[in-house]
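S.K.: So you can see what is in the structure, the chains are spelled out below.
There are 2 protein chains.
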Amino acid sequence: MTSVTLVNGGLTDQISVYDRGLAYGDGVFETILSVDGQLIFLDQHLKRLTRSLSQLKISPFDVEALLPLIQPYLKSTGQQIIKIIVTRGIGERGYAPPETIQAHSIVFISDKVKTTVAWATKGIKAQICATRLAYQPKLAGIKHLNRLEQILALQELAGTDCQEGIMLGYEGEVIEATMHNLFLVKNGELFTPDLSECGVAGIMRTFITEYAQQQGIPVSVSRVEVAQLMEADEIFLTNSINGIWPICELGNTRLEIGEVTCLLQDKVVDIVNSHD
Amino acid sequence: MTSVTLVNGGLTDQISVYDRGLAYGDGVFETILSVDGQLIFLDQHLKRLTRSLSQLKISPFDVEALLPLIQPYLKSTGQQIIKIIVTRGIGERGYAPPETIQAHSIVFISDKVKTTVAWATKGIKAQICATRLAYQPKLAGIKHLNRLEQILALQELAGTDCQEGIMLGYEGEVIEATMHNLFLVKNGELFTPDLSECGVAGIMRTFITEYAQQQGIPVSVSRVEVAQLMEADEIFLTNSINGIWPICELGNTRLEIGEVTCLLQDKVVDIVNSHD
Chain A
0 MTSVTLVNGG LTDQISVYDR GLAYGDGVFE TILSVDGQLI FLDQHLKRLT
50 RSLSQLKISP FDVEALLPLI QPYLKSTGQQ IIKIIVTRGI GERGYAPPET
100 IQAHSIVFIS DKVKTTVAWA TKGIKAQICA TRLAYQPKLA GIKHLNRLEQ
150 ILALQELAGT DCQEGIMLGY EGEVIEATMH NLFLVKNGEL FTPDLSECGV
200 AGIMRTFITE YAQQQGIPVS VSRVEVAQLM EADEIFLTNS INGIWPICEL
250 GNTRLEIGEV TCLLQDKVVD IVNSHD
Chain B
0 MTSVTLVNGG LTDQISVYDR GLAYGDGVFE TILSVDGQLI FLDQHLKRLT
50 RSLSQLKISP FDVEALLPLI QPYLKSTGQQ IIKIIVTRGI GERGYAPPET
100 IQAHSIVFIS DKVKTTVAWA TKGIKAQICA TRLAYQPKLA GIKHLNRLEQ
150 ILALQELAGT DCQEGIMLGY EGEVIEATMH NLFLVKNGEL FTPDLSECGV
200 AGIMRTFITE YAQQQGIPVS VSRVEVAQLM EADEIFLTNS INGIWPICEL
250 GNTRLEIGEV TCLLQDKVVD IVNSHD
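Residue numbers (numbering that gives the first Met the number 0), protein chains in the order written: chain A, 0 to 275; chain B, 0 to 275.
FYI, nobody ran anything at the bench for these hints, they're computed from the structure. Wrong hints could be hidden among the right ones.
To be verified - Here are the computed lysine-lysine pairs in the PhoX-like style, where the Cα-Cα straight-line distance is at most 25 Å:
| id | chain 1 | residue 1 | chain 2 | residue 2 |
| --- | --- | --- | --- | --- |
| 1 | B | Lys142 | A | Lys137 |
| 2 | A | Lys46 | A | Lys111 |
| 3 | A | Lys142 | A | Lys56 |
| 4 | A | Lys142 | B | Lys74 |
| 5 | B | Lys137 | A | Lys137 |
| 6 | A | Lys111 | A | Lys74 |
| 7 | B | Lys137 | A | Lys142 |
Kindly produce the complete structure, drawing on both the sequences and the hints.
M.R.: Have a look at this one:
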C-alpha cells in the first residue's frame, strides 16, 4: 500500500462539495514525517494544529483522536508522509459558518519519495520569486489552506532548474521559500526572518532555532533584507519532511555548504535516526 | 428540488480529496442570479471567470460548456442562485501542479432565500471590521477560493445585529464589505474604492459604475478613507445576488436611503425584471 486517505476516520477518497475547505480554503493542515512507524516532532505538530484551529476559531477538535486512525497505516520500516487537513466542516453558501458545525479531518498517508533526499546532501538551486507574500498578521505563522501565493510563486520556476523559490514580503524583505523556512549564516551567526506579518512558522524552524542557541550559535529572528541574503556565508531551507536543504546556487551566486549548516544537518539526521 | 450539485457535469455531491481546491484553495468561483430561468449578467460572469482562470494560469477551461449543464435545472419562475467553482483539478501533495492537469467544475444550484430581499428596501446595519485585507496585487480583483480574511471578518459580527462588515485595506483605507462592493455618495458624486491591491471586482460594481456615468453622475474609483465614509451622504453595497443594499446604520451613524441610491436601485430592479 503506497497511499491511503481517510475522511473523518473512514477509508474514502471523497469529501462533500459543501466542505468549507473547498469553498473558501477554510481550514489548516500539517505534514508529518514518519520514520519506521514513529511520527517525528509529533507533539509539536499537534500543538501547532491546535493553535492554528484556535486562531481560525474552528470548533473544538480533538487532535489526539487522529492518532489511532493513523496508527494502523504506519510502516515499521521506511519513511512515510502523513498529511492532515482539518476543515471547519460543512456549510451552506456564504462566508459566515452555520451556528453548529463539526470540523472535518482528511488524512493522507503516503510513502516518502526518495528522489528528494539527494537535495539535502547536494544542495539545491533557488531563485527569488516576483510573487510576494501579503501582510496578514491574523493569518501569519499558521499553516492554513489559503495557498494561492505559493502556487503563483512556484509557477515562476517552470522551465528553470531551481528546486525552490524564495518569497519576499510585500515590502521586499526576505520571508521564506514556497515550501520551506529560510535561514542564513553570516560570520557564525544564524538569521531567520520574523514571521509576524506573513509566512508559516515551521516546526523545523523552531527546532533549529532552539538547538542552535543551545550550541552557542547566536540566532537573530528579525527582518532580513535581500542584500543580507546575497552576502550570506551559508543559506539553508528547513521543513519537517526534508529537514535541511542547503542552497548552493541562488540566482548567479554560488554558495558552499558550510560548517553551521553541516552541524545542524547532523542533528536533524540524528533525530530522524533515533525517532526522537 | 431546492438544491442540486454537479461535479464535472455529473449529479453528485462528492469530490476527490485530492482536488487542489480543497488542498490550497486553488481555484475561483462565480455566483450568478437566475430569474425565471434567465441568468443575469451571464456574459460578464463568464468573462470574469475566464479572466480569473487565466490570472491563476489554470488550464484552458471552456466556460461556455457549463451552460448546457446548468440549463435543465433552471426554473421558469422564481429566483435561483447558481454558484460555479472551477478548481485547477487533481494533484498529488505539493504546491506545484502536475504537468498535465484538467480543471474541475463544481456547480451548485439553489433557490434564492427570500429573507434577504428586505435588506434592499429597509437598508442594513454595518460596522467596520478589525480584520483587514492584505495587499496582493496578483490576486486582487478576482474571485478566488482563498477567503479566510472574509471569514475572520464575518466572525467579528457574531453577537451584533449587523448584516455586513466593512473591510479596510492593510493601511486602513476602505476597500469593500465581506460579501459586497461598496459605494458612497457625497454631494451627488459617487465614489468606490480602487481594488488594485485587494478586493473583488464585482460584476454589479462595474455595472453600477458604468450606468451612473451614463446618467451623468460623476464616479471616482480611487482610494477612499474612513473619514470620507463617515461623512458620506449615502452608502450602499452591491453584489450580483443582492443587487443594492443601502446602509442605514454604520456604527453609531445613521444614514438615509438617498436619491442616488434609489435611482440606481430602480435600474437594478428593472434589469432583474426584464431579464437583461
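S.K.: Between Lys137 of chain B and Lys137 of chain A, is the straight-line Cα distance small enough, at 25 Å or below?
M.R.: Measuring from Cα to Cα gives roughly 20 Å; hence the hint holds.
S.K.: Does Lys142 of chain A lie within 25 Å of Lys137 of chain B when you go C-alpha to C-alpha?
M.R.: 21 Å, holds
S.K.: Does Lys137 of chain A lie within 25 Å of Lys142 of chain B when you go C-alpha to C-alpha?
M.R.: 21 Å, holds
S.K.: Has the given pair, Lys111 of chain A with Lys74 of chain A, been kept, meaning a C-alpha gap of at most 25 Å?
M.R.: Measuring from Cα to Cα gives roughly 12 Å; hence the hint holds.
S.K.: Would you check the hint for Lys46 of chain A and Lys111 of chain A, treating anything up to 25 Å between C-alpha atoms as holding?
M.R.: 23 Å, holds
S.K.: Given the hint that Lys142 of chain A pairs with Lys74 of chain B, does the C-alpha gap stay at or below 25 Å?
M.R.: 42 Å, violated
S.K.: Assess, step by step, whether the Cα of Lys142 of chain A is no farther than 25 Å from the Cα of Lys56 of chain A, and give holds or violated.
M.R.: 14 Å, holds
Hint 4 from the earlier list is the only one contradicted by this structure; the remaining hints agree with it.
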